[in-house]
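*Asks:* Here is how the chains run, residue by residue.
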Amino acid sequence: MRFTRTSKALGIVAVAALALTGCGAGGGSNNGASQSGGDPNKIITAYNNEPQHPLLPANTNEAYGSHVVELLFEGLRTYDPSGKPVNALADSIESSDAQNWTIKVKQGTKFTNGEPVTAKSFVDSWNYAANSKSLQANGFFFESIAGYDDVSAVTTEKSADGKTTTTPAPKADTMSGLAAPDDSTITVKLSQPEADWSLRLGYSAYFPLPSAALADPKTYGENPVGNGPYKFAKTGAWVHDQSISLVKNADYSGPREAKNGGVTFKFYTDPGPAYTDLQSDNLDVTDVLPSNALKTYVTDFPDRNAAKPVATDATLNIPPYNPNFQGEAGKLRRQALSYAINREEITKVVFNGTRKPAQAFAPPVIEGFKGDLAGSEVLKFDPAKAKDLWAQAEKIKPYDGSKPLQIASNTDGGHKEWIDAVANGFKNNLGIQAEIQPFAKFAEVLNLRKSQSLPGLTRAGWQADYPSLYNFLGPVWATGASSNYEQYSNPEFDKLLKEGLAAKSTGDANDKFNKAQEILFKDLPGLPLWDYTVPIVWSNNVVKAETGWNGAILYYNITAK
Amino acid sequence: MVRYILRRLLQVIPVFLGTTLLVYYMVFALPGDPISALFGDRQPPQSVIDTLRSQYHLDQPFWVQYGIFLQNLFTFNLGNDFTGQPIAATLARVFPVTAMLAVEALIIQAVFGVAFGVFAGLRRGSWFDSTVLVASLVVIAVPTFVLGFVFQLVFGVQLGWAKPTVGANADWGNLLLPAVVLGLVSFAYVLRLTRASVSESMNADYVRTATAKGLSRPRVVLAHILRNSLIPVVTYLGANLGGLMGGAIVTEGIFNVPGVGNKLYQAVLRSEGPTIVSIVSVLVLVFVVANLIVDLLYAWLDPRIRYDQ
Chain A
1 MRFTRTSKAL
11 GIVAVAALAL
21 TGCGAGGGSN
31 NGASQSGGDP
41 NKIITAYNNE
51 PQHPLLPANT
61 NEAYGSHVVE
71 LLFEGLRTYD
81 PSGKPVNALA
91 DSIESSDAQN
101 WTIKVKQGTK
111 FTNGEPVTAK
121 SFVDSWNYAA
131 NSKSLQANGF
141 FFESIAGYDD
151 VSAVTTEKSA
161 DGKTTTTPAP
171 KADTMSGLAA
181 PDDSTITVKL
191 SQPEADWSLR
201 LGYSAYFPLP
211 SAALADPKTY
221 GENPVGNGPY
231 KFAKTGAWVH
241 DQSISLVKNA
251 DYSGPREAKN
261 GGVTFKFYTD
271 PGPAYTDLQS
281 DNLDVTDVLP
291 SNALKTYVTD
301 FPDRNAAKPV
311 ATDATLNIPP
321 YNPNFQGEAG
331 KLRRQALSYA
341 INREEITKVV
351 FNGTRKPAQA
361 FAPPVIEGFK
371 GDLAGSEVLK
381 FDPAKAKDLW
391 AQAEKIKPYD
401 GSKPLQIASN
411 TDGGHKEWID
421 AVANGFKNNL
431 GIQAEIQPFA
441 KFAEVLNLRK
451 SQSLPGLTRA
461 GWQADYPSLY
471 NFLGPVWATG
481 ASSNYEQYSN
491 PEFDKLLKEG
501 LAAKSTGDAN
511 DKFNKAQEIL
521 FKDLPGLPLW
531 DYTVPIVWSN
541 NVVKAETGWN
551 GAILYYNITA
561 K
Chain B
562 MVRYILRRLL
572 QVIPVFLGTT
582 LLVYYMVFAL
592 PGDPISALFG
602 DRQPPQSVID
612 TLRSQYHLDQ
622 PFWVQYGIFL
632 QNLFTFNLGN
642 DFTGQPIAAT
652 LARVFPVTAM
662 LAVEALIIQA
672 VFGVAFGVFA
682 GLRRGSWFDS
692 TVLVASLVVI
702 AVPTFVLGFV
712 FQLVFGVQLG
722 WAKPTVGANA
732 DWGNLLLPAV
742 VLGLVSFAYV
752 LRLTRASVSE
762 SMNADYVRTA
772 TAKGLSRPRV
782 VLAHILRNSL
792 IPVVTYLGAN
802 LGGLMGGAIV
812 TEGIFNVPGV
822 GNKLYQAVLR
832 SEGPTIVSIV
842 SVLVLVFVVA
852 NLIVDLLYAW
862 LDPRIRYDQ
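Line order of the protein sequences matches chains A and B. Position 439 of the first sequence, counting from 1, maps to 439 under this note's numbering, and the rest follow consecutively. Position 40 of the second sequence, counting from 1, maps to 601 under this note's numbering, and the rest follow consecutively.
I should point out that these hints are in silico values taken from the structure, not numbers from a laboratory. No residue lacks a Cβ here, since even glycine has one placed at the ideal position from N, Cα and C. Don't take every hint at face value.
[Unchecked claim] Okay, derived cross-link-like pairs now, EDC-like style, lysine to aspartate or glutamate, Cα gap no bigger than 16 angstroms in a straight line:
#1 450/A to 594/B
#2 163/A to 732/B
#3 120/A to 183/A
#4 163/A to 620/B
[To be verified] Among chain B residues calculated to face chain A with C-beta under 8 angstroms, some are:
#5 598
#6 599
#7 600
#8 605
#9 613
#10 644
#11 645
#12 774
#13 777
#14 803
#15 826
[To be verified] Computed from the model, here is a short list of chain B residues facing chain A with C-beta under 10 angstroms:
#16 569
#17 594
#18 612
#19 729
#20 852
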């Protein structure tokens, strides 16, 4: 349920009216919370919603499920609050050539059902996740491992009416490059060298599963048994559409030890009621604020709010198949569009400072980020330059302005306001007609993007899966990449990415990736817009809350008062 | 009587087929692929999407999809929604919550609406009558979501008399606040209906006769005035029960009640055809049964009404 700002305002006016007529007498909040000192056994409550899939780590790619899965499992590595990977269940991760890796697994840790976590647990879980028959949404995370192609093989059939259907048809059950010679050793052979491969080992797709999970994933996903800082409070702790209750796993020892007795995720279909609950201390922490609270949350929750930058960014993509933006004239026009966007003002006025103007194709929280790459001056607002570039393009090839330039977006995520602002920038500074191409649902935009039939531009966003520069470039802009829907392709860019992956150290790799970004700045297949911060608020019942590098609240770090 | 009931129940079949067909078609016509929407920005391999699409028969033409739905319905197997949850279990979870909410709202509006209406009708033109009339007008004029936010802020946040949201603890006590909000608008209508028909029957011959033959005032009011005045009120309440169950989307949203309205809203967002149609089917049944009960109540309230020829 989404209520407009007006409706909330109406509500407040009506409250005032009631108070004036004496119906709403009384005042002061009555929260009934005891104000005792730090209590490590107290359960905290957190905002969430119904996970969209059974809780299997490799099938969880949306926020609601991730919040839970991240607490239930522990992988070989984990990320500290700043996004730096640290070893968790791995004693050591070594490779001399960035292609053959040896991982030593810590011994003596157990799943909460008593089953020991061994090298085999990892290998079996990874083979399961990569198998195309398992239908795991994040199965492609294992694509670097030798033998992935066989395990994930599919067949594509074309029916009489031209529709293609892809069905799983694995040619092998296990990846040839993956082995567990003994309980404490995993050996991995990648199909090509990848310097930053070990960075991704903290991502949820790489979590180990107990053998029961592989035998019956569906039943297991309802009552998952993990090895993380928390466990299900009881069988059936997931009450659908209502809540999931986790309690501290006393047997866990590692970098993410729980500082509270448990986390109960309460489900809300709308952030509005959650905000109200927080105001009356009926909920302890939320990372989703209703859009009308973005202006007021700092005053509503003085000393109980935070907004940290996270690894999520937004771009405005310009499809290479759009005739207006092809060739030399197209290049000049793409630059002109970028110069015509006042990122500073939009992030301040429309987003109330919860976004920061982009400085590159990746946000600053990512290691290896550089804010002064060659070509990044196009991100500055410069109407004169924009006009000038547009005029130059006109001399080469006139702009087809028979239809307004449309920016495709779903309108349900608060996108309309900023797109209107961007379109106005185009109108005022370039003299072209521009407007939002509104869709009720994100899926409709996706359909157009996948079928290469956008009439104009589209908004796009990227949230990092693991903190690496490559993750902002490879999956989005490499030729044929899974999320490169506009099918941008530049062999030089692909080559630099490949060289970066093959580099011996992360430093060398990031140099190559930044070189690759400079190519993106030349081509501008998309215009970087802004990077996200995640504003959060917490109740009087807890001391403090903070978000990690990816914007997820570090629930394990919250202490109750 | 039995024949009448049977005939009425048989009428359910075309109503049921018509509504499900219509709703199913509307969901079918929604643009965008719900399976790929399930995954958001980060799309899984096409084989995952295609396999899921064929599992849920989304690759079939409309008539086949609808046929499968009907077939499942008659074998009492509603199948799974796109998140893999059995729809039957979802219905069994959300309907009791909303039923509690609706019944609580219905009791509130029936008890208070009739009581206030009778008093106002008996003392037509008094200050009580005028106050009640103006107050009910205000309640009718203010939209439900405004009432919802006001009650939530005043009683939930500022006074702390009730929890501002319901969430997982849906019991009679926690549902009281949303039930009041939900029942308030119809409460005003019930009040006005009762008041009008009470003041009308005050002047009826049978009331004058009853008073003349020396019956006590309470007996005249309860047995003669009230019973005869209740016919339009009962019609309204009966028709309203279905409305309360299906129309609680706004109230359930504000108070985060895990009931039918919230589920329906989410199912619409996710284009979950089978879930939407299953919920609507049950709502249709509720409507039909509620209307049947209303018709039967007529005969009890007014013995002149006979259904069997």
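*Asks:* Decide, hint by hint, whether the structure agrees.
*Replies:* Tested hints:
1. Between residue 450/A and residue 594/B the CA atoms are separated by roughly 12 angstroms; this keeps the pair inside 16 angstroms, and the hint holds.
2. A hinted pair counts as satisfied when its Cα atoms are at most 16 angstroms apart, and residue 163/A with residue 732/B does not qualify at roughly 51 angstroms.
3. Between the alpha carbons of residue 120/A and residue 183/A the distance comes to roughly 6 angstroms, so the proposed pair stays at or under 16 angstroms and holds.
4. In summary, the hint linking residue 163/A to residue 620/B is supported, as the alpha carbons are separated by about 10 angstroms, within the 16 angstroms threshold.
5. For residue 598/B, the shortest C-beta to C-beta distance to chain A is roughly 3 angstroms, which falls under 8 angstroms, so the interface hint holds.
6. Of the supplied interface hints, the one on residue 599/B holds, with its beta-carbon coming within about 6 angstroms of a beta-carbon of chain A, less than 8 angstroms.
7. Given hint, residue 600/B at the interface with chain A, holds; its Cβ is 6 angstroms from that chain's nearest Cβ, closer than 8 angstroms.
8. With a cut of 8 angstroms, the hint placing residue 605/B at the interface with chain A holds, because the nearest CB-to-CB distance is about 4 angstroms.
9. Checking residue 613/B against chain A: minimum C-beta separation of about 7 angstroms stays under 8 angstroms; hint holds.
10. Interface restraint check for residue 644/B: the shortest CB-CB distance to chain A comes to about 5 angstroms, inside 8 angstroms, so the restraint holds.
11. Interface restraint check: residue 645/B against chain A, minimum CB-CB distance 6 angstroms, threshold 8 angstroms, status holds.
12. With 8 angstroms as the threshold, the beta carbon of residue 774/B stays out of range of chain A, its nearest partner Cβ sitting at about 45 angstroms, so the hint is violated.
13. About 37 angstroms separates the beta-carbon of residue 777/B from the nearest beta-carbon of chain A, more than 8 angstroms, and the hint is not met.
14. Hint status for residue 803/B relative to chain A: violated, with the closest Cβ pair at about 21 angstroms, above 8 angstroms.
15. The restraint placing residue 826/B at the interface with chain A holds, with a minimum CB-CB distance near 6 angstroms, inside the 8 angstroms limit.
16. Given the 10 angstroms rule on beta carbons, the hint for residue 569/B is violated: about 34 angstroms separates it from the nearest Cβ of chain A.
17. The beta carbon of residue 594/B is positioned within 10 angstroms of a beta carbon in chain A (closest approach about 6 angstroms), and the interface hint is therefore held.
18. A hinted interface residue such as residue 612/B counts as satisfied when its beta carbon comes closer than 10 angstroms to some beta carbon of chain A; here the least separation is about 6 angstroms, so the hint holds.
19. Hint on residue 729/B holds. Least Cβ distance to chain A is approximately 4 angstroms, under the 10 angstroms limit.
20. Here the hint on residue 852/B is broken, as its CB sits about 29 angstroms from the closest CB of chain A, past 10 angstroms.
Consistency with the previously given hints fails for numbers 2, 12, 13, 14, 16, 20, ordered from lowest to highest.
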